[in-house]
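Asks: Each chain, written out:
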Amino acid sequence: MRLKELAERIGARPLSGGEVEIRGVAGLDSVGEGDLTLLTSEKLAPRLKTSGAAAVIVKEPLASVEIPQVVAEEPLLAFARALEVFYVRPRPALGVMPGASVADDAMLGSGVTVYPMSYIASGVSIGDRTVIYPGVFIGEGVRIGEDCVIHPNVTIREGVEIGSRVTVHAGSVIGSDGFGYVFSGGRHHKIPQVGGVVVEDDVEIGACVTIDRATTGNTVVGEGTKIDNLVQIGHNVKIGRHCVIVAQVGIGGSAVIGDDVMLGGQVGVADHATIEDGCRVGAKSGVMGRLKRGVYSGIPVMPHLKWLRARAVLERLPELQRRLRELEQKLR
Amino acid sequence: MRLKELAERIGARPLSGGEVEIRGVAGLDSVGEGDLTLLTSEKLAPRLKTSGAAAVIVKEPLASVEIPQVVAEEPLLAFARALEVFYVRPRPALGVMPGASVADDAMLGSGVTVYPMSYIASGVSIGDRTVIYPGVFIGEGVRIGEDCVIHPNVTIREGVEIGSRVTVHAGSVIGSDGFGYVFSGGRHHKIPQVGGVVVEDDVEIGACVTIDRATTGNTVVGEGTKIDNLVQIGHNVKIGRHCVIVAQVGIGGSAVIGDDVMLGGQVGVADHATIEDGCRVGAKSGVMGRLKRGVYSGIPVMPHLKWLRARAVLERLPELQRRLRELEQKLR
Amino acid sequence: MRLKELAERIGARPLSGGEVEIRGVAGLDSVGEGDLTLLTSEKLAPRLKTSGAAAVIVKEPLASVEIPQVVAEEPLLAFARALEVFYVRPRPALGVMPGASVADDAMLGSGVTVYPMSYIASGVSIGDRTVIYPGVFIGEGVRIGEDCVIHPNVTIREGVEIGSRVTVHAGSVIGSDGFGYVFSGGRHHKIPQVGGVVVEDDVEIGACVTIDRATTGNTVVGEGTKIDNLVQIGHNVKIGRHCVIVAQVGIGGSAVIGDDVMLGGQVGVADHATIEDGCRVGAKSGVMGRLKRGVYSGIPVMPHLKWLRARAVLERLPELQRRLRELEQKLR
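Chains as they are written, first to last, in my numbering: chain A, 1 to 332; chain B, 1001 to 1332; chain C, 2001 to 2332.
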């Protein structure tokens, strides 16, 4: 594809070299001969020379760059679009393939694909163009919207509701029982977990994620929220819209998380905690109680700047202890 | 069902309104018109008014509550039972369904269900009424007791022994190889993991949990212990009875955990650590060495109260440093 | 097997009792009558007496031990070999079993086994003697080397390359999409993840591990590296050779990890961090930036000894605060 044509399709403007042939798209670390690449910082410009790149997306024209430049207001977005143009193909509609087990009363939209080894129970409905990969289990009465992709070996248990344009990566479990017991007479009695899970439109769920069903009512993942791998979401949790939840986060039962919240990797959120809209929590932190909009770190969390300062002194504690001892001796 | 009848079945006593028709059971957050609900604190009583609840389980009669009250000594237990009465149905016995792969010599009890896409190897025995969902793998010689539920896409490897009334949630792996190597000549040589796993009666295992087989001997999960999602249990670990292990806990090889132990979310337990009966470890803590009965927090753990006090000062470290500096200047 | 013969096969030397019959091999915790066992410390010698062990592997002859001793320069390695001799059998070559779904153009080497319920897509190549257990998904164009074992319910997505003698434990996912989005116009737009994953020879990957494919280029796991259960490896991560990555570690996108690195359980490594050859990072630590060869702990990490000292004072913070207050009062 010529650079001119590609630039147009990704909403960018070529400064020169519009006739150059682009063979692929790649990040600066893996660029090959003839690729369009992306420059996120002028400091990296020297690496372009030896890379073989045919052209580069930039935010503003750079005098130091010798290959054709394509200017985009949001360079990373333009790069994402270029990857899409070059590599993303619609999944073919293959229908229900032999070796799949689909209940007679399941309702499948048009252009749905169900791969072999998948199991679709009674009362399920699946929207147009959704793809179900091998090894997927879909329990009774589950509803899945349009243009979803359910990767291999995913389990979606009975009654779960999934919106449109949702992707669930391999090995994830949606609708497992919440972790609820009553301790009585020396043992733990199970509290039946009879609620559901609602996953709204445009959510992406990573691999080996677990989302528990509610005790009663629903566990909810709001529209456009993105969840990384190996995340745990407890029963009755409510997550708002457009959140980003990085890998290995654990969210305890009945926690409430607002819109546009960012939780770093391995964060833990205690049962019944509340995190308001727009909060950002640093990796490995622990959240209890209620967080107002802000940036937080620590176990349990404090405001991020406060944590940075405390953390800086932490290393010097042995020295502080020695100085204190010296003062005490002087005063004796 | 009339309130009178329901109360009797859950071991509770209606104060009034015994003839009221109960349509469902739900927590206060998701209660609908005509539901029986639960009040865990009198402070929440105002929320009852607008909820549409038809009746409420309480520990003691409350003057401020205007709808029929049902008194139970253990309200949460009564609530759990009410959920059971209303929503929990026995799973139908469907036998070995077409599309399942079951070895000729596997011994299945009466009323067993094996869904399609499951694989049961040679020498397996499965007790009465146990249900095996789709996508489950059961390796050679595995023994599973009565009334178990093995959810979809679970892997139970060769030789594992599972008691009765055990539930294993979707995606979990029982009997994977322990993580054991000898470093020699610049590389890691595998120590064959030839032991087994024993899961005793009434254990519940969450989704995407991994329990490694022992090097030799057995990894053991004791009777009545409940394990949440995404927990890792290393080789040769011994876990006692009636423990509660919250999500994303990791337990290193050969650790020994007593009875009635509670491990909070994301706790780590080092290889060969010992945790005595009745210990409680706060979320995100790290355990090394030996813990005597008590409550602990921190990395590594200290007694919880000590940790609370240290944590309180931690935030004030920059201030302490400043005050120390001022004292030093005064004395100079 | 007689002790003499076994000793020869494991590269060890019997001090006496070469004619003793050995019935099995087991660690000291699970030794049975007639077993060969291992003594890792002279302190444990008294336990041998009551154990029923027939012989014991030691590094140097011990006067206090009354049963036949076998001397090995690397006792644990000799023990591993003894387990192998007694218990490890080659997996039988069963071919493509009925109920497996294998694309017509997939290329399978000689002695390959594909169990039922597995799905092998178009363009896949699988090396000699490799075993594919039930419930495995292998996507388009995947290449797997010789003598690999892919345990049940594993997902290997399109284009992934796996070397020889690689073991992947149950439930793991290799080649899931990296977690990459551009935030624009109030929502997160997906950056297509069109790169691959390369797993080199002799790697072992635990259960429920997730390894994301690169955005462009490859995520790489180097030769001989061993990965425990529930580990997350982000997109474009490069891991060197002969590393040991303990359970529940999370490695952020584009991190670079050298050779012979040891990451303890539940460690987190931030995006773009670099860990040089030979580093050791203590359990539960958090790595940012660049680590030079050394031993580290803490969140974020500092040199391990520094951390030990700071951690020791941490417990005494309330006392330090009190002493500081007393000094201030004296000086007033």
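In case anyone wonders, no lab produced these hints; they're calculated from the structure. This structure is a prediction, so every number in the text was calculated from the model and none was measured. Note that beta-carbon positions come from the ideal geometry of N, C-alpha and C, so glycine has one too. It is possible that part of the hints are untrue.
[Claimed, not checked] Keeping only pairs whose Cα atoms sit at most 25 angstroms apart, straight-line, the calculated DMTMM-like set for lysine to aspartate or glutamate is:
1) C:K2330 x B:E1328
2) B:K1043 x A:D271
3) A:K330 x B:E1326
4) A:K190 x B:E1319
5) A:K330 x B:D1029
[As the list claims (entries may be wrong)] Every beta carbon over 10 angstroms from chain A, so not counted as near; a handful from chain C, in silico:
6) G2011
7) G2032
8) A2045
9) G2186
10) P2192
11) D2212
12) A2214
13) H2242
14) G2268
15) V2313
16) L2324
Asks: Would you mind marking each hint as holding or not holding in the structure?
Replies: Hint by hint, here is what the structure shows:
1. C:K2330 x B:E1328: holds, 13 angstroms
2. B:K1043 x A:D271: Status holds; Cα separation ~19 angstroms.
3. A:K330 x B:E1326: holds, 15 angstroms
4. A:K190 x B:E1319: violated, 48 angstroms
5. A:K330 x B:D1029: Answer violated: A:K330 to B:D1029 is near 62 angstroms, above 25 angstroms.
6. G2011: Holds: least Cβ distance 40 angstroms, greater than 10 angstroms.
7. G2032: The claim stands: C:G2032 keeps its Cβ more than 10 angstroms from every Cβ of chain A (closest is about 33 angstroms).
8. A2045: holds, 40 angstroms
9. G2186: With a cut-off of 10 angstroms, C:G2186 comes too close to chain A, as the shortest Cβ separation is near 7 angstroms.
10. P2192: violated, 4 angstroms
11. D2212: Per Cβ check, C:D2212 is inside 10 angstroms of chain A; nearest 7 angstroms; violated.
12. A2214: Violated, because the least Cβ-Cβ distance between C:A2214 and chain A comes to about 7 angstroms, which does not exceed 10 angstroms.
13. H2242: holds, 23 angstroms
14. G2268: violated, 5 angstroms
15. V2313: The claim breaks: C:V2313 does not keep its Cβ more than 10 angstroms from every Cβ of chain A (closest is about 4 angstroms).
16. L2324: Non-interface label fails for C:L2324: nearest chain A Cβ at 6 angstroms, not farther than 10 angstroms.
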